[in-house]
Structures are given as C-alpha cells and as structure tokens.
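Peer 1: Spelled out from the first residue to the last, the chains are:
2 protein chains.
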Amino acid sequence: MPAGLGCAMAIINANTMTTRPRKPGRGRTRSTPSPWQASRERHRDRELKREAVIRAAAREFNRKGYHNTSLDDIAARLQITKPTVYYYVTSKEQLLFQCFIGGVEQIRAAFRAVEGRRAPARVRLNAVLRHYGEAVASDFGWCMVRAEDQDLSPAMSRHIKALKSEIDHGIRQLIHEGIQDGSIAPCDAKMAAFALAGALNWIAHWYRENQSLTGAQIASAFVAIFEGGLAPRPARRRAKPRAARGTSGA
Amino acid sequence: MPAGLGCAMAIINANTMTTRPRKPGRGRTRSTPSPWQASRERHRDRELKREAVIRAAAREFNRKGYHNTSLDDIAARLQITKPTVYYYVTSKEQLLFQCFIGGVEQIRAAFRAVEGRRAPARVRLNAVLRHYGEAVASDFGWCMVRAEDQDLSPAMSRHIKALKSEIDHGIRQLIHEGIQDGSIAPCDAKMAAFALAGALNWIAHWYRENQSLTGAQIASAFVAIFEGGLAPRPARRRAKPRAARGTSGA
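Residue numbers (my numbering), protein chains in the order written: chain G, 4 to 253; chain Y, 4 to 253.
If we strip away everything but chain G, and leave its shape as in the complex, we get (with noise of 0.2 Å):
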C-alpha cells in the first residue's frame, strides 16, 4: 500500500464529518475518565480537523483551480489562520494529494466491499461503478481527476499513477471476470474500462453540487447505461429498428 494511505483513510466515508462532528467527553468516556481515553478523543479531534481542512481544500481546488487557490484561502474558508492550517498539513501540495486520496480511497473501499461476494462479476463491477460515479461528484471529484495534471513533486504523481493503474486493473479485472461467468458480454476489456472510467471521470467536469440529480442518482443512470447499451435489446421491441433501416436503405 502506497505511503500516505495509513492517516488518509480516516477521510473517507466520512460525508457526514462537517454536518455532524463528534461531541468529545459525551457518553461513556465521561464515567470512565482515562489519560488514554483522553488521548484518543484528542487524536479524533485532531483527525477532524485535519479532514475539514482537506475537503475546505478540495472544495476551494475545485471553485478556483489549484494554481490559483492559497493556503490563505482555505484557511479563510474554515475561518483560521494559515499557520493553523500547516499544523495539519505541510504544503498546498500535500492538501492537493490528500484530496485525490480521499476520493480515490472511496473506490478502493467498494473494491474491497465487493471482493468477498459471489454475486456474478457485472453486479460487482456495478457495485463499484456507482461508488466511483459518487466519489467523482464528490467535494474530492475535481482533485481525483486533475491532480495528476498539476505540479507535483515526481514521487507524488508517482502515487497517483500507482493508485489510477490499480483501479484501472481492477476494473479491468471485473470485466474478465464477467466475461468467463456469462454476466458481461464478449468485449475489449480494456477499452471497456477506459469507457466506463472516462465517462465517470467526465463527471468531475460538468457536475455542480447543486444540481437537480445527487451524483449516486448520476451514478446509478450511468451504470444503466453502461448495462444496457443504446441499442434496444432484441425481446423488448425486435420489430422497430427493423423497420426504420428498411426505410433508410442503410
């Protein structure tokens, strides 16, 4: 597992972490006072804040573009100082890479939800299309899709690389799978993947928040899509297509 993953996965599923945030000293901890009790409420503490400074990061990378967002912005946005947000992160490019790993974590997490499952290998493959879908309409869907194009340090984009050519092999994978258990139709597999990834992908470019569909209800069209194709399926309606070629002399 690449560096850096360890103290990312505390981001991900984590969508109701601003709404929502934990009350320290609530509940039991209160009867049962401990310095290590103590200790751990103050790493979850430091934990949340971290992720808000992450996802303030990512929503500010995706209003301005990275180049012309400044600490000084996403600290403004959380109403601290900059020197609060280097307590949690060392570089505007480390706040860069942290975002494309909050997003793709939530892919990787659907691949290992779905690792274990007997279902046919297209239920699989759905599963984790829909997650993907979401991830990219998510706060961390611009960074997960841009961040390889900025400047980053080599071993970063190294990371990044690393982690979209596993996805890409895992989708990859999915699709030979089906393949040999009847579930998905004889295809390219590559080029199926870098279809269904770049549709996906696509999303972080044209999806505003507040749009009339929630990237899950985006997510789940697409994957109908990708399913059934355009052409009509032949027990449903055979006879139309028939006809209009008839018509066309094509």
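Don't read these hints as lab results, they were simulated from the structure. Because the structure is a prediction, the values reported are computed rather than measured. Check the hints yourself; a few may be wrong.
DEER-style ranges, computed between Cβ atoms [said to hold, decoys possible]:
{"hint": "1", "chain 1": "Y", "residue 1": "His172", "chain 2": "G", "residue 2": "Ala112", "range": "35 to 45 Å"}
{"hint": "2", "chain 1": "Y", "residue 1": "Ala112", "chain 2": "G", "residue 2": "Pro157", "range": "36 to 46 Å"}
{"hint": "3", "chain 1": "G", "residue 1": "Arg47", "chain 2": "Y", "residue 2": "Ala112", "range": "25 to 35 Å"}
{"hint": "4", "chain 1": "Y", "residue 1": "Ser160", "chain 2": "G", "residue 2": "Ser73", "range": "19 to 29 Å"}
{"hint": "5", "chain 1": "G", "residue 1": "Ala112", "chain 2": "Y", "residue 2": "His179", "range": "57 to 67 Å"}
{"hint": "6", "chain 1": "Y", "residue 1": "Lys164", "chain 2": "G", "residue 2": "Lys52", "range": "35 to 45 Å"}
{"hint": "7", "chain 1": "Y", "residue 1": "Thr87", "chain 2": "G", "residue 2": "Glu212", "range": "46 to 56 Å"}
{"hint": "8", "chain 1": "G", "residue 1": "Glu96", "chain 2": "Y", "residue 2": "Lys164", "range": "26 to 36 Å"}
{"hint": "9", "chain 1": "G", "residue 1": "Arg161", "chain 2": "Y", "residue 2": "His70", "range": "17 to 27 Å"}
{"hint": "10", "chain 1": "Y", "residue 1": "Leu81", "chain 2": "G", "residue 2": "Asn213", "range": "54 to 64 Å"}
{"hint": "11", "chain 1": "G", "residue 1": "Lys52", "chain 2": "Y", "residue 2": "Leu81", "range": "52 to 62 Å"}
From the three backbone atoms N, C-alpha and C, an ideal C-beta is built for every residue, glycine too.
The hints should help you fit chain Y onto chain G, whose structure is shown.
Peer 2: Structure of chain Y alone, referenced to chain G:
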C-alpha cells in the same frame, strides 16, 4: 455561427496538410498565369502555414501544457522565429482557441454529414461519435477538452462553451430521435449524452499517438461498447447470466 470559425474552417479535414503540402505554380496555373490565381495561391500558401503553426501549437500544448508552453517553443518546433508566428496569430490565447476549433470543427462536420441521411438515428449517432473519438485522439484533442479551463478571455470562453453546448445538444437530439424511431432503447438522453461525450473526451487524457490502436480504432471500439452495453444480449446467451445469478444468491 460564432466569429472566428470562418478562417478556422480551413484547418479541418487537413490530416495530410503537413505530409503533402500543395506546391504552388504547378499544373494548370502555370499554363494560364493570372494575377488573381497567383493571389489565390498566396492565400492558400498562407493558410497552409497558418495551419502548420496551429498544429505545432496543439502538439506543444499537449506535450507541456498550455501555461508551460511559450510562443518560442512553438516557433522552435517549426524552425521559424517568434515574429513569424505572430504573423499568423495574434496571441498564445488565440492559438489555443484555434486548436480547440480545429478539433471541434471535425465533430461539427460529422453532424453536418449525417444531417440529410435517412438512416436510423443510432446509425447517425454512431457516425458522429466515431468522428468525435477521432477528433479527441487527434493533435487537437488536448486543447478540445482543456481549453475552457485555461485563463482565456471571457469572449473566447463563451465561444467555447457555446460550441460545446451545441455538440451536447446535437448528441441529445440524435438520442431523442433514436428513441422515437426505435433504434435507441428508451433512456435518459441527457445522462446518456454526458456518458458518451465523457468517455470520448477522456481519450485525450490517456491516448498517445504511438499506441497500438489508432484514434479511429479506439472510437469504433467505444461505439461498439456504447451500442451493445455490458450485459449480454438475451438472444445470444440467455442462459448463462441466469445460471450465474442462481449460484450467487444475489
């Protein structure tokens, strides 16, 4: 039609322009010399050189990114001076815009080509999508999908947005027509258009000219995937997916 397209039209359908430049003064023009024809030759010569400048810019932007590319880099690629580049374009910004137009015009030409055809809408859509894929895999692909993100003048950004919107609506329209003529399965045309365009746009992120597949081959593979979908067609292999579902309990 947005301004600036007229002169940009010359750079479309010009795949051979750098490999087979037309030679002024040969053929019939030599036997019937005319100051008007000579003027036309000069105009054509100027257009060829302008196209070469735009294509060289597209390649440099693709290789190094827009902000990291200077007019000196583009001049060096063509072994000319920077003032010579300025003879053909007024700014780097205009170059990026013309590169964008160079790609987008290939797609607009594809729409015009299918406009009068009586083929089912899915057949017409597929023809457009193939040209779309080829355009994104061409020298202009990077500029097509990135131009809007760069710091262009508001007027250029508006142009680019308007042209992208025109193409998006063109795709949606063909999907709607396909649903009506029965050649496309009922679906959310807006989401389908986003998915198709996204998959194709993303080609610009991963395609390199020296890959084993040409742009046309990739575009065709994508169209086959969009058309057929991942789920096997019932007529061909109805039994297998059901058997797979049976064992999984999903």
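Peer 1: If a hint holds in the structure, say so; if it doesn't, say that too.
Peer 2: Outcome of the hint check:
1. His172/Y - Ala112/G: 35 to 45 Å: holds, 37 Å
2. Ala112/Y - Pro157/G: 36 to 46 Å: Since the Cβ atoms of Ala112/Y and Pro157/G sit about 41 Å apart, the hinted range of 36 to 46 Å holds.
3. Arg47/G - Ala112/Y: 25 to 35 Å: violated, 59 Å
4. Ser160/Y - Ser73/G: 19 to 29 Å: holds, 23 Å
5. Ala112/G - His179/Y: 57 to 67 Å: violated, 37 Å
6. Lys164/Y - Lys52/G: 35 to 45 Å: Holds, since Lys164/Y and Lys52/G (Cβ atoms, about 38 Å apart) stay within the stated range.
7. Thr87/Y - Glu212/G: 46 to 56 Å: holds, 47 Å
8. Glu96/G - Lys164/Y: 26 to 36 Å: Since Glu96/G and Lys164/Y have Cβ atoms about 30 Å apart, the given range 26 to 36 Å holds.
9. Arg161/G - His70/Y: 17 to 27 Å: holds, 22 Å
10. Leu81/Y - Asn213/G: 54 to 64 Å: About 46 Å separates the Cβ atoms of Leu81/Y and Asn213/G, which means 54 to 64 Å is violated.
11. Lys52/G - Leu81/Y: 52 to 62 Å: holds, 53 Å
Hints 3, 5, 10 from the earlier list are contradicted by this structure; the remaining hints agree with it.
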